[in-house]
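Chains A and B are the protein sequences, given in the same order. Using my numbering, the first residue of the first sequence is number 1, and each one after it goes up by one. Using my numbering, the first residue of the second sequence is number 1, and each one after it goes up by one.
Errors might be hidden in some of the hints.
DSSO-like mimics (lysine-lysine), calculated; alpha carbons at most 30 Å apart, straight line [as the list claims (entries may be wrong)]:
{"hint": "1", "chain 1": "B", "residue 1": "Lys191", "chain 2": "A", "residue 2": "Lys95"}
{"hint": "2", "chain 1": "A", "residue 1": "Lys33", "chain 2": "A", "residue 2": "Lys306"}
{"hint": "3", "chain 1": "B", "residue 1": "Lys320", "chain 2": "A", "residue 2": "Lys138"}
{"hint": "4", "chain 1": "A", "residue 1": "Lys49", "chain 2": "B", "residue 2": "Lys320"}
{"hint": "5", "chain 1": "A", "residue 1": "Lys71", "chain 2": "B", "residue 2": "Lys320"}
{"hint": "6", "chain 1": "B", "residue 1": "Lys191", "chain 2": "A", "residue 2": "Lys119"}
{"hint": "7", "chain 1": "A", "residue 1": "Lys92", "chain 2": "B", "residue 2": "Lys329"}
{"hint": "8", "chain 1": "B", "residue 1": "Lys329", "chain 2": "A", "residue 2": "Lys49"}
{"hint": "9", "chain 1": "A", "residue 1": "Lys74", "chain 2": "B", "residue 2": "Lys180"}
Since the hints were derived computationally from the structure, they do not count as laboratory data.
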Amino acid sequence: MNFKSVWSKISIFLFVLALITSFSAMAGAAEVKVGGLVDVTGATSDVGKDYALGMSDAIHYVNDQGGVNGKQIKLYQFDYGYRIPEALTKYKLFKRLGSVAVLGWGTGDTEALSPTITKDEMPYVSASYSAHLTNPAKTPYNLFAATDYSTNARAAITAWFDKRWPTHPDYGKRKPRFVCSYHFAHPYCSAPIKAIKDQAELLGFEVGPDQNVTLTAIDTKSQVLAMKDFKADLVWHGNTTMSVSATVRDAFALGLGADHIVNNWGFDENLPRLAGKAAEGVMGATVAEFFGNNVKNMDIVVEYAKKYNPGVPLEKRLVRSIQAWANVLALWEAMNRADKAGDLTGPGILKKGFETFRGFDIGLSVPPLNYTATDHRIAGQVPIYEVKNGKFALVELVDLKGRWPDKWANEWLGW
Amino acid sequence: MSTTWLPCGDYHQSYLEDHAWFQTKFIKGKMILLGLFLFVLIPWLADSYWLSVCNQIGYTLLGALGVQLLIGFCGQVTLGHSAFIAVGAYTSTLLILEFPWPQLMLNLGLAYPISIIVAAMVAGLWSVLFGLPSARVKGFYLILTTMAAQFITVDFVITQYVSQIGGRGQAFSLPPGTIKVGPWVIDTDFKVYFMMLVLVTLCIIGLANLLRSRAGRAWVAIRDNDISAEVMGINVVKYKLLAFFVAGFLGGIAGAFWISNLAAISPEHFTWFWSLWLVGVILIGGVGSIHGAIFGSIFMVLVMEFLQIGIMPLADSYPKLLMDFLFIKEAAFGLAICAFMIFEPYGIAYRWWQIKNYFNLWPFSY
């Protein structure tokens with residue numbers, strides 16, 4: 001083969017593609033562009049795939065409803081493989097394409113991008129619910145339609161303390177013993193550690209040594225044995241479902257005898273499927289309704305799941321889809337309000353959109369949304385569920401804001 | 001002898017003439033034009049996104065220069081270079097965020113420039129540590145020891161310990177305003193671009209000077225045949241370690257520069273794949289030439305950009321293309337290396353050399 005002809009063909013191909021792109025960029029005048037980052041192949045893909053499906057379903061729905069006051073949303077949805085550098089590169093691309101907002105994913109990249117999006121005034125609605133993103137004084141453009149990890153963790157340990165500990169034979173004789181199991185190096189997993197230990201101290205727990213379990217762990221016996229040495233009564237899991245189910249299974253097999261509480265990204269329909277009997281009694285926070293349950297707007301979610309992703313059976317869909325819908329619907333409403341105010345820009349979407357929400361209800365069992373200029377935590381109540389006969393049953397709606405109003409208002413914001 | 005055009009023979013009468021940077025007025029003119037192109041035309045014409053692409057090229061080049069020195073000039077194959085870039089990035093970040101700088105130095109904008117120099121030194125010394133095995137092993141065995149540098153440095157030391165400093169877990173964000181050079185806060189792609197140009201220019205001049213010094217000649221001798229080099233009186237271990245130091249030093253500068261571009265840092269920026277990527281860059285650009293590192297960096301970054309530009313319009317019909325782009329990119333990297341190995345084994349720099357020679361000898365190129 002003549003290499004000159006090969007190179008000339010490649011050059012012509014690239015040139016033509018560049019031309020097509022420049023023309024296509026001119027054609028998209030009546031669209032509202034939104035960037036979308038998802039993880040369908042990386043360390044959090046066990047929960048990321050379903051979230052990605054939910055995101056695209058929800059955007060289809062929004063466009064079918066007329067988009068943002070008649071303007072269709074153009075979603076640029078990229079898989080970034082849970083790689084922070086890739087997320088940063090893609091963010092720059094979204095900016096260049098003229099995106100007015102970004103639907104993001106992980107805690108590491110969202111927190112890393114936070115100073116940049118603040119400078120760029122780009123609303124960034126993430127699937128990271130890190131409490132570090134809730135203080136508008138530091139991260140004004142970070143938002144999400146869910147209760148944050150720290151709030152969830154505080155609520156989960158409180159629910160266990162309220163409901164399970166009093167039934168323990170040692171109740172009243174000694175302090176309950178508590179350990180955290182999570183991937184130390186990942187910002188997502190470590191985000192609520194300070195908060196949950198603070199809550200453990202507040203409630204009078206004895207806190208044991210943290211156990212490092214990776215997000216992709218399949219064997220966690222050494223960590224479980226360390227928890228057993230400490231005689232833990234309660235373990236908090238900060239990883240995603242696959243890793244949590246591996247730990248719960250090993251704990252069951254090795255007779256750990258402790259209860260388990262789980263952060264929201266480790267607590268979904270796959271947990272009882274993967275951990276089987278070991279998952280019975282596991283408690284966790286959830287930020288939206290489980291897929292398919294009969295609540296407001298779930299019929300729409302199911303209809304769009306069937307319509308746009310018929311290849312994925314409904315029984316395989318997860319609460320992750322609902323979480324994606326919640327973020328998309330919240331962003332849609334914020335963009336609608338900003339557009340009506342004639343200011344569909346980053347600051348407009350934030351100030352004339354999100355920060356005007358006062359108990360805005362999107363259904364799907366998502367708490368009514370409240371964002372103010374001083375607080376981006378949507379609510380102070382978190383429902384804690386447990387696995388019972390392979391299904392999810394409500395244990396308690398923990399009202400942190402009501403029980404500790406001073407701490408909620410003055411101490412707990414932003415961590 | 002003509003002072004404008006290259007003579008058709010070697011008429012140098014001193015080493016000074018032989019080693020002169022600009023041997024003719026024509027070459028000096030070309031370099032002035034290149035300077036105008038880089039320092040005036042590009043920043044004038046390019047938007048923020050394309051400046052960020054240029055910054056990516058600069059970062060790749062700063063990393064690739066060290067790899068080129070080790071592999072292309074000293075014959076020490078490395079697959080752990082991103083570890084030294086990581087050391088530079090983390091040293092600079094931690095110095096900026098944690099070191100108790102006197103207010104005067106912060107006001108004068110000296111903290112970041114000093115952190116770059118310290119980062120380069122630390123990365124150079126860290127690189128020497130992992131260069132020590134080169135005294136005893138070479139070839140495949142050396143590749144494995146350099147890979148160990150990657151895993152020990154990034155996956156163990158940085159991920160488990162260094163990135164936990166301050167209790168914030170793996171990712172550091174640099175608050176706006178912390179990266180300041182003199183009176184300029186480096187907070188836009190435009191400013192990062194100029195900083196990149198200055199660093200790249202200094203590094204290239206420094207390396208090119210080193211290569212025409214005693215050390216440079218020793219490195220090339222070691223590359224060509226280390227036993228012969230030793231017989232000639234070259235202290236092989238010393239010069240190998242010096243090569244590791246300089247490569248690490250350049251890597252440290254790359255890392256310290258990179259934080260200004262992102263205002264954030266995490267171990268995921270410095271994966272083993274990035275080390276491999278840098279080797280790919282010099283293979284495609286041309287092994288054993290500074291031009292090779294330059295051309296390779298430009299080629300690899302631009303090909304990925306054009307690929308991305310190319311699939312964007314197609315994504316309307318095939319939305320999965322965007323979701324799969326990560327893998328399309330990596331497949332393109334593999335394909336590019338295969339294509340170059342088959343069709344252009346000496347890299348782009350060789351083609352550049354041929355083109356230059358054609359014009360230099362024209363019309364009597366036979």
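| Quick one, are lysine 71 (chain A) and lysine 320 (chain B) close enough, alpha carbons at most 30 Å? | Given pair lysine 71 (chain A), lysine 320 (chain B) holds - Cα atoms ~23 Å apart, limit 30 Å.
| said: Given the hinted pair lysine 320 (chain B) and lysine 138 (chain A), is their Cα-Cα distance within 30 Å? | reply: violated (36 Å)
| Holds or violated: lysine 92 (chain A) to lysine 329 (chain B), with C-alpha atoms at most 30 Å apart | The hint holds at about 17 Å.
| Taking only the CA atoms, is the gap from lysine 74 (chain A) to lysine 180 (chain B) under or equal to 30 Å? | violated (37 Å)
| query | Straight-line Cα separation of lysine 33 (chain A) and lysine 306 (chain A) no greater than 30 Å? | reply | holds (25 Å)
| message | Can you confirm whether the C-alpha distance between lysine 49 (chain A) and lysine 320 (chain B) stays at or below 30 Å? | response | Satisfied, since the Cα-Cα distance of roughly 13 Å is no more than 30 Å.
| message | What's the verdict on lysine 329 (chain B) and lysine 49 (chain A), does the C-alpha distance respect the 30 Å limit or exceed it? | response | holds (20 Å)
| said: Hinted pair, alpha-carbon criterion (30 Å max): lysine 191 (chain B), lysine 95 (chain A). Please report holds or violated. | reply: It holds: about 18 Å lies between the C-alpha atoms, which stays within 30 Å.
| field | Hinted pair lysine 191 (chain B) and lysine 119 (chain A), Cα distance within 30 Å | value | holds (15 Å)
Of the hints listed earlier, those the structure fails to meet are numbers 3, 9, in rising order.
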